[in-house]
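> Each chain, letter by letter, is given below.
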Amino acid sequence: MNLLNFIVRRLLLMVLVLFGVLCIVFIIANVIPADPIGALLGGNAPPEVVDEYKKKLGLDKPLAERFVSYLLGVLRGDLGVSFRTNRPVLEDIKKFFPATMELAIAATILSVILGIWLGVASAVNRNKGIDHFARVFSILGVSMPVFWTGLLLLLIFYYKLDILPGPGRLDIFLTPPKRITGSIVIDSLLTGNWEALKNGLLHLIMPAFVLGYSATASIARITRASMLDVLRQEYITTARSKGLEERKVVRNHALRNALIPTVTIIGLTFGSLLEGAVLTETVFSWPGLGRYITNGYLVLDYPAVMGGTLYIAFIYSLVNLIVDIIYAFLDPRMRV
Amino acid sequence: MEDSKLLSVRNLRVIFRTYRGIVKALNGVNFEIGREEFVGIVGETGCGKSVTALSIMRLIQQPGEIIDGEIIFDGTDLLKLSEDDMRKVRGKEIAMIFQEPKVSLNPVLKVGTQLKEAVSIADGIPQKSREAEEKVMDILDAVGLPDPKGLMNKYPHELSGGMAQRVMIAMGLLKKPKLLIADEPTSALDVTIQAQILNLIKDLVSKFRTSVLFITHDLGVVAEYSDRVVIMYAGNVVEIGDVYTIFRNPVHPYTKGLLNAVPRIGQREPLETIPGIVPDLVHPPSGCRFHPRCSKAMEVCSKEFPEMVEVEKDHFVACHLFTRGEKNG
Chain A
1 MNLLNFIVRR LLLMVLVLFG VLCIVFIIAN VIPADPIGAL LGGNAPPEVV
51 DEYKKKLGLD KPLAERFVSY LLGVLRGDLG VSFRTNRPVL EDIKKFFPAT
101 MELAIAATIL SVILGIWLGV ASAVNRNKGI DHFARVFSIL GVSMPVFWTG
151 LLLLLIFYYK LDILPGPGRL DIFLTPPKRI TGSIVIDSLL TGNWEALKNG
201 LLHLIMPAFV LGYSATASIA RITRASMLDV LRQEYITTAR SKGLEERKVV
251 RNHALRNALI PTVTIIGLTF GSLLEGAVLT ETVFSWPGLG RYITNGYLVL
301 DYPAVMGGTL YIAFIYSLVN LIVDIIYAFL DPRMRV
Chain B
1 MEDSKLLSVR NLRVIFRTYR GIVKALNGVN FEIGREEFVG IVGETGCGKS
51 VTALSIMRLI QQPGEIIDGE IIFDGTDLLK LSEDDMRKVR GKEIAMIFQE
101 PKVSLNPVLK VGTQLKEAVS IADGIPQKSR EAEEKVMDIL DAVGLPDPKG
151 LMNKYPHELS GGMAQRVMIA MGLLKKPKLL IADEPTSALD VTIQAQILNL
201 IKDLVSKFRT SVLFITHDLG VVAEYSDRVV IMYAGNVVEI GDVYTIFRNP
251 VHPYTKGLLN AVPRIGQREP LETIPGIVPD LVHPPSGCRF HPRCSKAMEV
301 CSKEFPEMVE VEKDHFVACH LFTRGEKNG
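Each protein sequence line maps, in turn, to chains A and B. The first sequence runs 1 to 336 under my numbering. The second sequence runs 1 to 329 under my numbering.
It cannot be assumed that every hint is accurate.
Pair ranges (Cβ atoms, derived) [what the hints assert, rightly or not]:
{"hint": "1", "chain 1": "A", "residue 1": "L11", "chain 2": "B", "residue 2": "Q196", "range": "44 to 54 Å"}
{"hint": "2", "chain 1": "B", "residue 1": "Q196", "chain 2": "A", "residue 2": "R251", "range": "47 to 57 Å"}
{"hint": "3", "chain 1": "A", "residue 1": "I326", "chain 2": "B", "residue 2": "T18", "range": "31 to 41 Å"}
These aren't lab readings, by the way, just hints derived from the structure by calculation. Treat the numbers as computed from the prediction; the structure is a model and nothing was measured. Note that CB positions come from ideal geometry on N, CA and C, so glycine has one too.
Just chain A, same shape as in the assembly:
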């Protein structure tokens, strides 16, 4: 089938992309003038110990050899052992990634709903109040840095007003649900732990909003522009000339056409969500992959940094593949 063909071709391309990412990440991690052993043992470690550690971590071998062994490891699903935690990096990713994924998905859902709604509302009410509001909201969204919005919201809603919980995924005194998928929301749903569900969701609101804000802004801008363009098309005049109500013209005829470019943007912003997660997770003490990578950086834990980055690149490519499939679903012309 055509779609299958398309997916296989895209998967092969994805392998190529990931190889490129691997090369870049490996080279950058290994050529920066920093000494991971020094970071690990401190500046005063005796030379014998330093040599021993170098040998143990495989840093005494030439760069090319290390690259080949890393590549072979990745192909076997082995991302190496973290210098810092002494556990296999893949194990660490499995432990931390669900929290990031939960945050990114919550942010995506929020930004898709809010962004599309804002975009449609401002296109339909062009140059009226809601349109101006959306414009200002969007400009703020793309121009305010994530860490600043995060701190500001924490200050207002947690510290001053105390209506939303503070950092972390759950309140400290709450027993987390049994770990099944690693996502608090899904796990507490599965185990029927309603208290944890409610608390987990409340904890998600602020970080998800902060993370999703700039994505909301770009989705709203794109949706507005594409909706305005679609509303000028002749098939919209046809729909109106049938005697269809304006609401239905927008919903049944314009929206699906207008969403085609929006879907592309959603895939791209998902990448920036994963990337923004590094900062958001730091601000909100969210125990996710972003924070894992950040902490890895601080002690020059290369395997952790490389593995984490590679994993995020993998997820990003996968999401964009899914987006392209949705694209084909929305637009019948893409299916030929």
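Here the structure of chain A is known, so what remains is to put chain B in place on it, guided by the hints.
Using the frame of chain A, we list chain B on its own:
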């Protein structure tokens, strides 16, 4: 006389507010369409033909605006109706087909869905009902499309231009409207397909007793199919008459120019043209809008707007050559 007319457009003025200034697109348009009459509107690109059509449907979008006039359709002024009532008129009484059939159908919805939607609005039956489906199949058959069932499951990009226009005609005529507005329905089609589509429209409207407002710049098409012709220039109607009268005895200098610009088989001399270009409607010429291009322009032409006068029975013209004649006589 009032009631015998299906549609009368009186003193219709439409403007578009653009950054360049106000475009005076329609400057007091007047014409009538009788019952079961086929009326052709002819004029150059940008003379306001399509704006007239969209105004009748009240589908002029921002930044356009109807600022004055009356559109009396079957006894009611459409410009005074509420949006809800107007929607009913669009759903049931007036249908419209467009120049580019392929972009007039929604690319992401199946042909059947789009047709069933129209049936459901016109007849008030549920869109997913068996009845709606049967009605759609009947009309697809009536417009000469083979395999209606298979066609309903197709998307617009899978149709040819001619097929898409047949679908549009089907969509327009399934509600058996009193008036069909066809905005250059054949301009984007091959010549052979053009004739088929025109004959189809002609057959169906006489079957359903529908009046037609046919917009075109093709004088040949008008000569062959219309009962009456309305000639427009730069937002004004300049001449109206019976198709034979207009072609045998055109009186407005613009109409004469148009007819002389039609090539004839066997003609050896270079084709005649009307000098100049269509005026900028942000700053239209004063008085008669045609006067800068008119070979017979007089002093009064740049000062006063010519009123419509009847030069012979049912033959109207807006030109000072004749208003003066009337005053003198």
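> Decide, hint by hint, whether the structure agrees.
Against the structure, the hints come out as follows:
1. A:L11 <-> B:Q196: 44 to 54 Å: Cβ of L11 of chain A to Cβ of Q196 of chain B: about 48 Å, so the range 44 to 54 Å holds.
2. B:Q196 <-> A:R251: 47 to 57 Å: 36 Å, violated
3. A:I326 <-> B:T18: 31 to 41 Å: 38 Å, holds
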